[in-house]
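A.B. asks: Line by line, the protein sequences are chains S and A.
In our numbering, each residue carries its 1-based index in the first sequence increased by 1469.
In our numbering, each residue carries its 1-based index in the second sequence increased by 25.
Source of the hints: derived by calculation from the structure; they are not laboratory data.
Careful, some of the hints might be misleading.
Quick look at which bits of chain A chain S covers, simulated, 3 or more residues with Cβ under 8 Å [stated by the list, open to error]: (1) 69-77; (2) 119-127; (3) 137-145.
Pair ranges (Cβ atoms, derived) [said to hold, decoys possible]: (4) 2077(S) - 56(A): 24 to 34 Å; (5) 1893(S) - 101(A): 51 to 61 Å; (6) 2038(S) - 130(A): 20 to 30 Å.
All C-beta atoms in this analysis are idealised placements derived from N, C-alpha and C, irrespective of residue type, glycine included.
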Amino acid sequence: MAKSQKTSVGRRGFLRNAAAGAAGAAALVTTPGLVEAQAPRNATGAAPAAPTVPAPTEAQVARETGNVRPPAAVRTITRPGSDLMVQTIRELGIEYVAANPGSSFEGLQESFINYGNPPNKMPEFITALHEESAVTMAHGYAKAEGKPMLALLHGTIGIQHGAMSVYQAYYDRVPVLMIAGNDPDFIAAHTAHDMAGMVRSYTKWDSEPKTIDEALVAIQRAYNEAITPPMGPTLVVLGSEIQKDNAPNAKVPAYKPPVFVTIDATRAREIAKGLLDAQNPRIAVGRLRTPEGVKRAVELAELVGASTSTAATGGPMSYPQRHPLCGPGADATYDYTLGLETAGAQASITGPALAKTAATRDTVNIGFGGTVPGAGGRGGAGRGGKGGAAPAPPNEADAEASLPLIIEEVKRQMTGDQKTRIQARIAKHASANHEARVTAITAAVESKRAGWNGTPISTARIYAELWPLIMNEDWCLSSPSNFSGGHHAQLWDHNKPYSYLGGQGAGGMGYGAPASVGAALAAKARNRIVINVQTDGDLNYSPGVLWTAVHHKLPMLTVMHNNRAWHQEYMFIEYMAGVRGRGDDRAHIGSTLRDPYLDYVKMAAGYGMAGEGPITDPAKLSAALKRGVAAAKRGEPYLIDVITQPR
Amino acid sequence: MKKSHLVLALAFFQTLHGQGRGGGAPAANVPPPTSPVTGNAAAGKALYSTYGCYACHGFNGETGRAFVGRWGNLATEQGFVTFLRGRANVAPLAPSTSMPSFAESALSDKQAKDIYAYIRTFKSSAPELKDIPTLNSIVDAAKQDKK
């Protein structure tokens, strides 16, 4: 899947000429180790005697201690290549670039913050405290908005810091655009012959252009590759020289959007006919690419009067849960089912009675699935690969891009009689779905009573108390809920493409907070608030991202699901000890966060974030959440530490 | 394992583990059993924590794999002890959060009975639905929000 466009890195003249004393000297500092590593071996395989390590020169010492004087011969740069790179990124509509600073992209960073009018807009530079956070911010942003933001990575070390997040984004089919700086003349350990090689097996596409012109094309290509199904992270490695070199004659190439594979016209006609001829059509909606796809799915369902199923309680970009056509409908014996990016149209079959209809009905599914085999469906496979095993769909095309073709065909084929029949069906579905929803909610709230007044606080109560406070707001639940009961799925209405952003992708920890910050970046300019129900173990991977939220005034409420453990692992160890007959009294070793307990309010305060807690009295929860929602609405991120039941 | 133990274990497993994620079972109001208790509840409280019972069943037996209000095979002390001994003792290849087995070498009969005495003190903290404004407001909103 991943294709490398690596080309050799060559142009190093500028740095050597312009800053010979500094850069050259610094390179020498690290040269001995490199020479040793690459020293040829003799015929017997034995390494030759270690080379003599030269003492640092005066210039090297000056560089290392920060006492470098400007070089005497200064080359004037009137139009740096990095300005053009930023212009290219700007024209792609990239809103944000997240990075932890690094010298290998200093040229690019200087352009981001100073180039253009106004500077530091489209994209705005977001300060990250770790590359893993920067990439996961982009992951969360893309799941909320359906388009990429940019993450910068500093050389080999930045790529490796970000690698886990790249892996998650790849597994989650999320478009993330990344640029890695490469400065082969500075610190040898920070460069490599094949920079992208470290993450290539889970990066959709990468390139290492050698000229400014090639770099601009590569950035556009990386963007297109990222957003084209199956979506995924892409990486462009940019040498420090082409960022800094003068580019008086270069210009941003005309952008050509990607071509999305669609079903052909014949298939569109067949599907339209199937939907119109059916007495009770069904549309099963999985995860589409962008909010535009969700709009098209709604348009089609309304046109043909199909009841729909949604994956919105499991992840983003699916059908609005409270739309009148969303639900089982007035009659659950569907005679034609269209699947849109689902694991299979069978996804709508939920019980033995309905299963009987599966053998006779039409099932058409449009979609690619993911870049990772078996990772399709709702948010990717979790532990053990369950939940995402998707058979190859019959129509390997992009559902979102195919929807306009089907819609046009429906409009062309629809008769007056059909239109009348469809309107009547819509009314029946709307009534039935409303009743089904009220029934489901009534059953759900009954189940959430359990432990309502117990201490520690039940996770169900957290979600239940949150909902009345946000139901009339534009909100996004950014954090995975798989460890905190998933109560929102039963209690909340998921009506926006970004209502719930789903799981981690590859099930890796350290995702919730930075993904929430990414979602909050998307929310900031859109009068939206982000809710992050944050598991404690997960936060400790990248707590520095709390500072990023404060620094950039993001509308994010973090509610700690603080069970003082990596609780899933604790239960695993308990079972393991049990089957070995050794008892569970030592299962806490290595799987709990106690002695001492962590103080997350103090942690947040250290990063400048307001908050309160720990809260153990359930009677005090609602008022705290109210304060938190109000703060988030003001653009003041807030953390509430809630001591919870384990699950 | 005796067949009777297996049946008992399966039934109990279904009681504790058949509720889906997140304590999703409706709150029940079945009162605690009245069968005799011989253990020491105070000692059982420490054991409930030390042996991680709370991990799956919550600190009050009401969340996660809840048992308060659904006592089932927890009806008698002996049934509880038998169940603890009767769990499968074959390690699965995949990690599991199923109910662990408690061999007598790891948890004595006395300790098991102490734990039983402690969990028999558990009572539901769930108010009647009519007395929870938050949950009622959620239902009301769903009823009104007919689009």
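A.B. asks: Mind checking, does the segment 137-145 of chain A have 3 or more residues with a CB under 8 Å from chain S?
C.D. replies: With 0 residues closer than 8 Å to chain S, the segment 137-145 of chain A misses the three-residue bar; violated.
A.B. asks: Take the C-beta atom of residue 2077(S) and the C-beta atom of residue 56(A), compute their distance, and say whether it sits inside 24 to 34 Å.
C.D. replies: The hinted range 24 to 34 Å is violated for residue 2077(S) and residue 56(A), with Cβ atoms some 51 Å apart.
A.B. asks: At least three residues with a C-beta closer than 8 Å to a C-beta of chain S: is that true for the segment 119-127 of chain A?
C.D. replies: holds (count 9)
A.B. asks: Is the hinted range of 20 to 30 Å satisfied by the C-beta distance from residue 2038(S) to residue 130(A)?
C.D. replies: holds, 24 Å
A.B. asks: At the C-beta level, are residue 1893(S) and residue 101(A) separated by a distance inside 51 to 61 Å?
C.D. replies: Given range 51 to 61 Å: holds, Cβ gap about 59 Å.
A.B. asks: Per the coverage rule (Cβ-Cβ under 8 Å, at least three residues), is the segment 69-77 of chain A covered by chain S?
C.D. replies: holds (count 3)
Checked against the numbered hints above, the structure violates hints 3, 4; every other hint is satisfied.
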